[in-house]
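K.L.:
First to last, the sequence lines map onto chains L and C.
So for the first sequence, this note's numbering puts the first residue at 1; every next one is plus one.
So for the second sequence, this note's numbering puts the first residue at 1; every next one is plus one.
Just so you know, the hints here were simulated from the structure itself, not pulled from any lab data.
Even glycine gets a Cβ: it sits at the ideal position worked out from N, Cα and C.
There could be a bad hint or two in this list.
As the list claims (entries may be wrong) - Derived contacts from chain C toward chain L, CB cut-off under 7 Å, selection only: (1) M1; (2) L3; (3) Y83; (4) T85.
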Amino acid sequence: MTTFRRQGRGRPRQEKTVRFSFDGKEYAGVEGDTLASALLANGVHLVGRSFKYHRPRGILSAGSEEANALVAFDRGPGRVTLNVRATTLDLYEGLTARSQNYWPSLKFDITEINDKFSALFPAGFYNKTFMWPKSFWDWVYEPFIRRAAGLGPAPSEPDPDHYTSAYDHCEVLIVGAGPAGIAAALAASESSARVIIADEQAEFGGSLLSMPEAAIDGAPAWQWLESGLETLRSRDNVTLLPRTTVFGYYHDNFLGLAQSLTDHMSEPDPKEPRECLHKVRAAKVILATGAIERPLVFADNDLPGIMLASSAQTYLNRYGVAVGDNAAIFTTHDSAYIAAFDLSDANIRIAAIIDARATVDTRLIEEAKKRGIEVRAESVVTGAVGRFRVKRIRVNRVLASGVSAPEMIDCDTLLVCGGWTPSVHLWSHSKGTLKWKSELGAYVPDRPNENVICVGACNGEFGLKRALETGASAGGGAARLLEVKEDCGWSGEVFGALPTDRNETRIKAFVDFQNDVTAKDIKLAVREGFKSIEHVKRYTTAGMATDQGKTSNLNGLQIASNALARPVEQVGLTTFRPPYTPTTFGVLAGAQSGDTFDVTRKTPIDPWAVSAGAVFEPVSLWRRARYFPQTGEDMYAAVARECKATRESLGIFDATTLGKVEVVGPDASEFMNRMYTNPWAKLGVGRCRYGLMLREDGYIMDDGVVGRLANDRFHVTTTTGGAPRVLSMMEDYLQTEWPDLDVWLTSITEQWAVIALNGPNARKLIEPFVDGIDLSQEAFPHMAAREGRICGIETRLFRVSFSGELGFEINVPAHYGLTIWRKLYEAGREFNITPYGTETMHVLRAEKGFIIVGQDTDGTVTPDDAGMSWAIGNKKLDFVGKRSLERPDIVANGRKQLVGLLTADPNFVLEEGAQIVASPGQAIPMKMVGHVTSSYWSETLGRSIAMALVKDGRSLEGESIYVPMPGATIEAKVGSTVFYDPEGERLNVI
Amino acid sequence: MILIRCPYCDEQRPEVEFVYAGEAHISRPQNPNLLSDDEWAEYLFIRKNARGVHYERWVHAHGCARYFNAARNTVTDKILMTYKTGEPKPSVEEIAEAAK
Ligand SMILES: [Zn+2]
């Protein structure tokens, strides 16, 4: 087998052979390789198919900017990561990866036909084609696009790996461990400052690793690197984070770092986390993120074997791999010459250097001559020929107008260089501004928005010497002039699309390789009227792939600028957003997955509910028992039984999740008067009242029963989900509008467990256990509240009912909740005590027409809309929301009002949320006049019941409305929301 | 995640401890009943949506639970200064001074 390894080249390392598999075929690489370098060493250039046209693609780069060589990285079941860059994948024994975007095989891909019919896929194709009818999206367009586009099948199993995270703090965070970053770290860590230096690669050194010839202060640069890293490692105040991508730069120097911990290991310890998220707050940030080489835009510039010039240099100098035997160079920048010389010196034939520029530095020409390399200045490549690998290129001379006739040059590799783009992504995340530097043909950092400084190439300061100087100075080092030997000139010119003699509508000159966007597409977008680069980007999808256009943005911008005949800086630049490179959901979630995904609040009675076989549902952060099925029961059967038992005898319900706020102080009653619609001044001690709270705009915000325990003490309850916002609104008014009121607010939700007993036998059950409270009808009537003892434990006992039955809410200190519940449950057996959950609670309250805020109201419902004007203290001069009740749109006719609905077919239970129309048989779209808010089967009434918000609903009493459902339109009669015991007699069972 | 100095705790803490609470220096009218519909609508709904320095309220929800005021540059998203509820609205010059 041919090998492209070059002995004596590459970083010094132990030549340990590593076997790996690509597309099912076994290969050998060397430890320290990336998948890309190992494939290239085996002569493999074809590694995938492109996203849209399914064109064969190779390896474009040697770093995280890679746009072509995306593979599926397979670490076993549930551990397949798609679209991983082969250039960043560290090789290990047994590594398995596959190419993507083909069917049935990489070399024979049927969908490649997309390429031949590409006239059908112009810019904006998706926008233009898949417009109508809408319903086609679900079952025609999207499946087609997905299959054709080959985004790869996501794993269907849960992620078996786990992830960790840490908060880190430092004085200086350095991003990038190239020469500039290391120089900065050395300088910054001389003091006691805590320094973190992170680099996305496994090995620190950045561009230095590809520069074996460079020298610093007379010694080889690699020696400087070794001793520099040794120094950093020896300093306690320095943290070195390899394989760590700084993916996002957020406000006030808060940065997100994703550290890969085990992906490079052959047999990682399954107990070890796969990745670690470092959340770093840094006093100062030094960005040493380097620059990315730009490809050139010409016909068929995506053929495998066409690669960035500096990447070929990296493969040779760092990995000891020759990317071909016969390389041509196409450049507009000096730096590619150095790549050509390096390759030539390693006995790789250089077919020619084709330079689009008219004048080239004579020193470079001389060096080329020395090596017998032909330089063709003022020439361009206008095409590449080959099936799965470039075989020859088409070269033309640039003339005063147009180009000369083409000449063919044989090569197996074409190295391209269109200049360098400073990696300003993180700088842009931090909202630093950019300025256009025409001599570089690139944007460079201008004004910072944080305590941050860019050094080296990412600041447009190219060359090793400038990297070391700017790095050291940013790190606070004394300005010591280093003597640096390097070969590279850093001069170049920027072209957009290059001149050609070919019909531009017939060729594909790629700008964005990953999204298959061509120069033609960008020109078409401009012709169709898109003038801002942000719009061109979205229309053509240029720069919108997972690489965010790292290699393509500037070329696209230049082409758009040419087409618009406007300077680049007027065309703008698309916005960079985190993450810098794709980041796993796993590392962002960290430990917050599965059971620990979110907080689950459990009541003290929850263990009993678990043992009783409850089915739970989440209600805000709480987990609440929804129903208690007995053997063979579904929810409907269980709820019917629970309702019946409660109405006939006794139900027990865990109401602990009710929000509770204690309002205390000399001005407590005045405060309550201002916060709630109801009057509170005359509410006697020992009494409760239903309280309704509005927002200032007049809409219902919350409700709950409020007990007055003393003149200056109210026990306020809120809805389960509303507790935090009610307390917060109370605090807001108290602190900022009425600081003169002497009132204290305390959340007591967690302090009290609440056991609700409902049913005609409720009093009989508790009477023997209660001390200090006379429970008789006269002494303790409906809406009474007393403090006393139950089972010897202090209690706040409320006689309230959310079911319409005789009811008590027993508040006991939370840690006694379970004990008291158990006691009452045991004693209640003689009354067939039945535990019920939220579902039965909902049915019982709906039968009585009690609303649930957030279900029967939606933030646009006034007290009058809900039929609750009775809850408003009309004599009060003011309360939150009062003035809004006079707003013109709130007093206008035609508002939706809460009504009861009874379906014509008593067995039909309406769908909650279903839309309502005034008459059936209207033409579509029908005019909707409301919607169903609550709907249940009522076992008590032997029929279905519902509540709905209907336009002018109360005026429709006795009339029919209609609910169009799939298959049938359901008729229902409008009536009262109170379906059961309208007189409320059941409350007064003796 | 921005850093915010709570003027009551007198500590700079991360944004996750705080909750935004809308524009500052809008007092609830003493007697809403005397206001015209337009005046009431102005109080209820009309906000500056400033580009640049914006006076706004925050509450140290996971801290001291106090509401306070802040001046923030909505372009850079930098909190320029914070001050206690009831303290006078600082001028642009005072904010610039405090931001140093
Ligand atoms: Zn505070």
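K.L.:
Hint by hint, note whether the structure agrees.
P.N.:
Against the structure, the hints come out as follows:
1. Taking 7 Å as the C-beta contact cut-off toward chain L, the hint placing M1 of chain C at the interface holds, the least distance being around 5 Å.
2. Among the interface hints, the one on L3 of chain C holds; its C-beta lies about 5 Å from the nearest C-beta in chain L, closer than the 7 Å criterion.
3. Contact between Y83 of chain C and chain L, as hinted, is not supported at the beta carbon level, the nearest pair being about 13 Å apart and thus beyond 7 Å.
4. About 5 Å separates the beta-carbon of T85 of chain C from the nearest beta-carbon of chain L, less than 7 Å, and the hint is met.
In summary, the one numbered hint that this structure violates is 3.
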